[in-house]
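Engineer: Protein chains in written order, with this note's numbering: chain F, 1 to 291; chain S, 1 to 291; chain U, 1 to 291.
Mixed in with the good hints, there may be bad ones.
You can't tell identical chains apart in this list, so a pair holds if it fits in one copy or across any two.
Said to hold, decoys possible - Under the rule of at most 20 Å between Cα atoms (straight-line distance), these lysine to any residue pairs were calculated in the SDA-like manner:
1) Lys-76 to Ala-143
2) Lys-76 to Asp-247
3) Lys-76 to Val-168
4) Lys-76 to Val-285
5) Lys-76 to Ala-125
By construction, these hints were calculated from the structure, which means they are not laboratory data.
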Amino acid sequence: MRPVVFLSDFGLDDAFVGTCHAVLKRIAPGLDVIDLTHGIAPQQVLEGALALHDAAPYLPADAIVLAVVDPGVGSKRRAIAVRGADRRFYIGPDNGLLLLAAERAGPLFDVRELTDPRYRLDPAAATFHGRDVFAPAAAHLAAGVALAELGPSLDPSLLVRVEVPVPVVAPGLLRAVVVAVDRYGNLQLAAGVGDLVAAGFAPGTQVVVEPGGVAPTPPDAAGAAGAAGAANAPGPAQATVCRTFADVDPGALLVHEDSSGRLAVAVAGGSAARHLGLAAGAAVVLARPRG
Amino acid sequence: MRPVVFLSDFGLDDAFVGTCHAVLKRIAPGLDVIDLTHGIAPQQVLEGALALHDAAPYLPADAIVLAVVDPGVGSKRRAIAVRGADRRFYIGPDNGLLLLAAERAGPLFDVRELTDPRYRLDPAAATFHGRDVFAPAAAHLAAGVALAELGPSLDPSLLVRVEVPVPVVAPGLLRAVVVAVDRYGNLQLAAGVGDLVAAGFAPGTQVVVEPGGVAPTPPDAAGAAGAAGAANAPGPAQATVCRTFADVDPGALLVHEDSSGRLAVAVAGGSAARHLGLAAGAAVVLARPRG
Amino acid sequence: MRPVVFLSDFGLDDAFVGTCHAVLKRIAPGLDVIDLTHGIAPQQVLEGALALHDAAPYLPADAIVLAVVDPGVGSKRRAIAVRGADRRFYIGPDNGLLLLAAERAGPLFDVRELTDPRYRLDPAAATFHGRDVFAPAAAHLAAGVALAELGPSLDPSLLVRVEVPVPVVAPGLLRAVVVAVDRYGNLQLAAGVGDLVAAGFAPGTQVVVEPGGVAPTPPDAAGAAGAAGAANAPGPAQATVCRTFADVDPGALLVHEDSSGRLAVAVAGGSAARHLGLAAGAAVVLARPRG
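Only chain F is shown next, with the shape it has when bound in the complex:
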C-alpha cells in the first residue's frame, strides 16, 4: 500500500490531526502515514506550498500527498486530487497549496474534483474537510481506488495558484521576503544562491541586513516571535555570507543557503528572528556596507 504523506496547519494541540489519522486507517487498515509537518502557520497557504515543494525530493517515490491549509473551507473553493508527472498523487484544497510540489517534475497528468459521495464522509462538516473529504480520498487511493473514480476531470489551467514573492536584486543589494521562521529563529527568504551571486555577494562578503520596509504581519502561531519583534526595535546588523553556522563566531549573524536550498539569515547558536525583531511576512534587505 502506498504511504500517505500528511501536511497541515492543524497543529498538534488539538485532535484534528489524530482524527484524520483515525479516518485514514479506518478506511485503509495498516496504512503508513508520514507526518511531514502540522506546524504551518494557520491559513498560510504559501508557507505550506513552499514546505511541500522543498520536501518533494525526499518523499517516497510512490507517496500519496495529503495537504490541508484551507482558509476557504466551507466556501465554494474546490477539493481536488491530482496526479503529477512524478506519478505521485496530491490531495487538498484548490488554493495553490499543492501545485508548487505537484508541478515540480512537469505538467500535471490528471486532475479530479472530489465530488463522488462514495469517497467522502457523510455528512461532511462545513469546517473540517481534512477529516471528511481529503483524508477519505487519500485512504481510498491507498486502498486501490482509481483516481478517476473520485470525481470529474478538471482543466489544470483553471486551478488556483499561489504567488511566490520575487526578490529584488541589484549590484550590492538583495531584497527578499521572509517566508518562514523555524524553531531556531532562522529566517528563510524567498531567494536563492543565484540571487546572492547576482547581487555580487561572494562567500566571505560582509553585508548589512535591515528590515525591508514591509511591516511584519506575524501569523497567529508566531505569537512569541511577534512579541519579540515588538520589543526589539528592528535595526540594521552586520552579517557574513558563508556556508554554515560554524563559519562564524557564536552569536554572529550569517547569510547562507539552508537545507531546503533557500537563502536564510541566521545567528550562530541563537535566533535571527529575535536578534532582528522580524517574523514571517517581513521583507529583508541585504546591502553592501557603506563607507
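Assemble chains S and U onto chain F, guided by the hints.
Structural biologist: Below, chains S and U alone, put in the same frame as chain F:
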C-alpha cells in the same frame, strides 16, 4: 493486530509519549499506534473525556483506546480496562476520562481493574502509570491477551464519572461553558445546535456574546491565551449565527456548529479567544441584542 | 525489520522531523519509527543525552537509535554509528549525545564513522545531517546493511563525552542542577534518591528549596518558563520529601523520585518552575529548615 488509539495530556515536549510508544512496541512489535492528541490541557479530565467522545465515530471499529489524563496518579484511584457496547477496549484511570466515549454505544460490556502483575511493568513508578500500567495493558490486549486476564471484574455503577456542564437556555438567552480552545482560537462550548434552537436563535440571527460571569481559569498549557485574556478587557461583541466562516466577513464573529457537533464561537480568519479575552473554563452568554 | 527510535531537538513546528521520516521510509519502506521526543531544547546535548539514557530500559531490545542534537553540524565534528553492549545501534553526532545510553549496558562493541558516500544523501547539506547523513545510515542499517559498511572503525576512547553535573551533598544539604523542566513544570535534578539519603532527608522530611546561586540560562525553547522566572522573584520555599503528588496538599511543593529515577522538585497540581521562577540550567539547594 488491533490498532491502539492514544490520547493524553503529556504534550510532545518531553519523552512521555515516546516512552509509552516504545513500551507498546516492545511488548507488541509491529503494533500500529494512532496518536489522537496529546495536547489535552494538563490534568483536564473533562476536556479529555469530551475529545474522546467526539472522536469515537471516526476511530477504527476495533480500536484499543489508551487514554491518560491522570491527576490522581499515585493515589488510590483505580486503573481500569473496559469493553464497550461498541466492542472496543478503553484503558485508563478510573476518573471519568473513558466513559463518555465508552458508553456512547450503550452500557459497558465488561470492566476490569488492572491489577495483574504479569501485565504491568515492575516496579510501577508512582507518577507514570501511562508507561508502567496503561500502555502495557493496551499492548497485551493487542497481542491477544484476554480482557479478563488483566484483573478482577468491577461493577460499572461504581466507576467515577465526569460532570459535563449543562447550558442554561431561555428565549433569547444561552449561557454555556467553554470546554476547549483550539489552535485557531475557536471557543468550543458545552452546548449544541438544539440549544440554539431552544433559545430562538435561527441561522442569520445577530447575537451579543459576552463573558458569562465565571472568571476564566486558564490551564497551564494555555499561557498565551491567558495572557491575551489579561491584556484585552473582555467585553460584549456582536456575532452572527451561521454555518461556517465563509458566511461572514473576515474578522467578524460567528456562532456555528463545529466539526465535533458542538457550538463554537469563532472569528473568521482570526482568534475568538483573543478577540473576547476568554479561555477554557470561562462561561459565555449569547443574548438577543437590546433595542 | 528493526524499529528506529528517533530523538532530536528539531521540534515539531517545522518539517525537519517529517523530512527525516520521509527519508527513512524512502530507503526502507515499511520501517517502523518511534518518535521518542523532538522537544529537547535547541542544541542542549546534555538534556538529549539524559533523555536517551533514561528511556533506554523501555526501548525495543533491537532498536536502532537515531539521535540528533547537533550544534556542531557543518564543523569538523564526526558523524558516528555505534553498537552497544546491549546490541542496539546508536547513530548521531560525536558530541556525547549517544554515549550515556549506549554505554549503559557496558563498553561499546563497535564504533564507525559515517563516511561511506553510498549511505549518505548527495550532496549533504551543511546544516541538516539529520536528513542527509544520520537518517540514511539508520535506514540502511534497518534494511540490512552491516554496521562495518558505513565507514571506518574508530577508537571508542577518542569519542566526545558529555559532563553530567555532579550534586554536592552534605548532612542537611543537597545542591543539584536542574537538567530539564517538563510540560507540567516539574524540575528534574541531576541527583538521585541516594543523594537524598546521604543528605539525611528521609521520607516525610521538610526541606527548604532555594535557588542555588547559578543564574538560570533558559534555552530558546523555554521562553515561557524564562519569562515566568523573570517575573517571580525566586525565593526559598518549603517542600516535603515524599513519594508522589498525592502525598501533599494541592499547591504544595514536594521533592520525590520521578519516573526516570531522578530527583524532581514539583508542585502538586501546579508548576514548580513557575512557583520557584527557575528554568533548566539553574542550580537548586535543598536544606534543613533553620530553627
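Engineer: Work down the list of hints and note, for each, if the structure agrees.
Structural biologist: Comparing the hints with the structure gives:
no.	hint	verdict
1	Lys-76 to Ala-143	neither (28 Å within a copy, 46 Å between copies)
2	Lys-76 to Asp-247	between (51 Å within a copy, 11 Å between copies)
3	Lys-76 to Val-168	neither (35 Å within a copy, 36 Å between copies)
4	Lys-76 to Val-285	neither (39 Å within a copy, 32 Å between copies)
5	Lys-76 to Ala-125	within (14 Å within a copy, 42 Å between copies)
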